[in-house]
Amino acid sequence: MRLTDILALARDNLSRARLRTLLTAMGVAIGTAAVITLISVGNGVESFTVTRAASFGQLTLMRVEPSTPATRKQGGQFHALTARTVQVVKGFPHVQDVYTYLAMPSLRLTVGSLHVDLPAAAQSPLTATLTLVGRYAGEGSDGVLVPDTTASALGIRPAALVGRRVTLTAGASVCCSSNSGSIVVLGADRHFTARVAGVYSASSWADPTGREGKAGATLLLASSLGARIDGVLHNESAAAYLNTQGYDLMYVHSDDARQTSAVADKVRALNYQVLDRSDLLAQVHTVFAILTAGLGGIGGIALLVAGVGIANTMIMTIMERTREIGIMKALGAEPGMVRRMFLVETALVGLIGGLGGIVLSTFGSVVGNAIFRAWLRSQGVTDAPSSLSLLSLGLIAGSLVLAVAVSLIAGAWPSRRAVHLQPLEALRYE
Amino acid sequence: MLNHAATALAEAASQRGAGSAVRLDNVTQRYGRGQSEVVALDRVSLEIAEGEFLAIMGPSGSGKSTLLNLIGALDRPTEGRILIGDRDIAALSVKEAARYRRREVGFVFQSFNLLPRLTVLENVALPLVFDGIAPSERTRRARAGLEALHMSDRLDHLPNTLSGGEKQRVAIARALINSPRLLLADEPTGNLDSKNAAAVVSLLVELNRAHGQTVILITHNPEVAEAAGRTVQMRDGRIVPAKGA
Chain A
1 MRLTDILALA RDNLSRARLR TLLTAMGVAI GTAAVITLIS VGNGVESFTV TRAASFGQLT
61 LMRVEPSTPA TRKQGGQFHA LTARTVQVVK GFPHVQDVYT YLAMPSLRLT VGSLHVDLPA
121 AAQSPLTATL TLVGRYAGEG SDGVLVPDTT ASALGIRPAA LVGRRVTLTA GASVCCSSNS
181 GSIVVLGADR HFTARVAGVY SASSWADPTG REGKAGATLL LASSLGARID GVLHNESAAA
241 YLNTQGYDLM YVHSDDARQT SAVADKVRAL NYQVLDRSDL LAQVHTVFAI LTAGLGGIGG
301 IALLVAGVGI ANTMIMTIME RTREIGIMKA LGAEPGMVRR MFLVETALVG LIGGLGGIVL
361 STFGSVVGNA IFRAWLRSQG VTDAPSSLSL LSLGLIAGSL VLAVAVSLIA GAWPSRRAVH
421 LQPLEALRYE
Chain B
1 MLNHAATALA EAASQRGAGS AVRLDNVTQR YGRGQSEVVA LDRVSLEIAE GEFLAIMGPS
61 GSGKSTLLNL IGALDRPTEG RILIGDRDIA ALSVKEAARY RRREVGFVFQ SFNLLPRLTV
121 LENVALPLVF DGIAPSERTR RARAGLEALH MSDRLDHLPN TLSGGEKQRV AIARALINSP
181 RLLLADEPTG NLDSKNAAAV VSLLVELNRA HGQTVILITH NPEVAEAAGR TVQMRDGRIV
241 PAKGA
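Same order as they appear, the protein sequences are chains A and B. Quick note: the first sequence, position 233, residue 233 per my numbering, numbers continuous. Quick note: the second sequence, position 26, residue 26 per my numbering, numbers continuous.
In short, the hints are calculated from the structure, not lab data. Predicted model only: the values in this text are computed from it and were never measured. Mixed in with the good hints there might be a few duds.
Covered stretches of chain B, as calculated for chain A (at least 3 residues, CB under 8 Å) [what the hints assert, rightly or not]:
1) 67-80
2) 87-98
3) 119-132
4) 183-189
Beta carbons are placed, not taken as given, at the ideal position from N, Cα and C, and that holds for glycine.
The following block holds chain A by itself, in its conformation from the complex (with noise of 0.2 Å):
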């Protein structure tokens, strides 16, 4: 028999009851579209966390170190994160932001016939996390931020200390306080000029290495200045020392959440170390997985109904047409020519049930997101993402294959009659 004359028998059959037909597909329809919209709502609703999470900065960072734990313990060669690394990562997709740190030894500012000696470090941007006092004169090449404890201890007033010009002073004479980690700088005092780019609240600086403890007075060099500093001790010039010792860490802040362990794999085939919180991603997918499928579990249950429904259908159209397949038997059709008919008859409600659903699921989801988002401005955010219900094409064909799968299910057991009705006792059927 040919599948052409099956589909045709079967459209005939499913048009000669229309109404009952177009129930049944409703039902489907139904199911398909709860399964659809509340597996989107679950998909819409982790990406909006993800993303709202993001901008809390911790799933899109990354920290990168000079080289690993493993090639430094087997003595293998230090990999400095030189100023071309900086350039090559900046140049990466997906890469929003790159932030360097450069260790500093301590250092004496000299204001006019003050001095104070203070653990000082370098880095770019020279603001980074920063919350500034007062006037902010700019980077440049030469600017160091001070501290306003450090200014209040000087008893300069910070709008009196920006744009100073001011000495900076690396040697054995500066002592250093109670760090145990800092660089110790043997030899000679060496004497820097820099100028005062602005106060910074002390309270809002966190040494990234952790050495200098969690807050403290900590004098900030531009990156540029720190280098130069750095270099003269070292007797090499700015660029040579970043070149050779590289800057001790580096922050990459990736612009997609879901991309930064994307972008942590990339920099890691560099062979430095890399530290990212995709974990703490792969932990939110994994809640929010098995929450949408607790959701896709509850529309499944409303297509399982449907699924009860087509069984229901298929049962009284069998009765109904029991005759007629006596007749169709005796005019020698096979038992798989039957079945054969009858699958493809409820396969076909599925097929409509399910294209229903998807249509009325996509609908509900342009509306729905379209309420969200008023929802939103209403409330005054208008930096989140705007979709409750996040649709994919993944799942809208997965979704029509699972309506077509249930509903040939549900068809298979009542057919089977149909399969083994005997001719003899069909005909005799009224």
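Take the given structure of chain A and dock chain B to it, following the hints.
Structure of chain B alone, referenced to chain A:
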């Protein structure tokens, strides 16, 4: 159990070189079990020659229809063999039996058994659908068959719009569409008035005479039976010698 006339006819047929179309060997059909067991056929042996027109008569419940259904492989005997050529159709699988019905048997029923949703043309072509014949070929053959039975002006009608005689002609056209080895008719005139009944009978006779179609017909009507070349009488699941044979 064969009566003399039948033997003579069968011999005549075999002399024509046609051989036997159907041979039943000790066919028994029982329904039910234990106390409610009914013996529908009791060790029936019968030979029907190629090109023969056989009428089966007998009271209700004598086993006529059971016999015909077994020959048409609509049912399977409890015991015995039913040979079509050298094949025992009692031993066919369900699928093989279906293929046998659609390729070698044409059924004509008392109640016509046309599919009400299909047109006359589609009804006639239906056995060819199950055989996977292309639509154009199906239509051509069904049209030709209906034309031969003077039904050309009813091709697109639904069965409900036809008279009883027309319905039975459609059913006969359907039974003949696969050029069957056997035409099996179970009281084909039972639901028809005498005029239409006569027309159907003369059609069957013509098929038999002019085309050598083997016909096995069940009837209650002695006039119909007279048209057949041979008549067997059945009673209580057995073939009994015909009176005046």
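Subject >> Structure versus earlier hints, numbers of those that do not hold, lowest first >> reply: Number 4 only.
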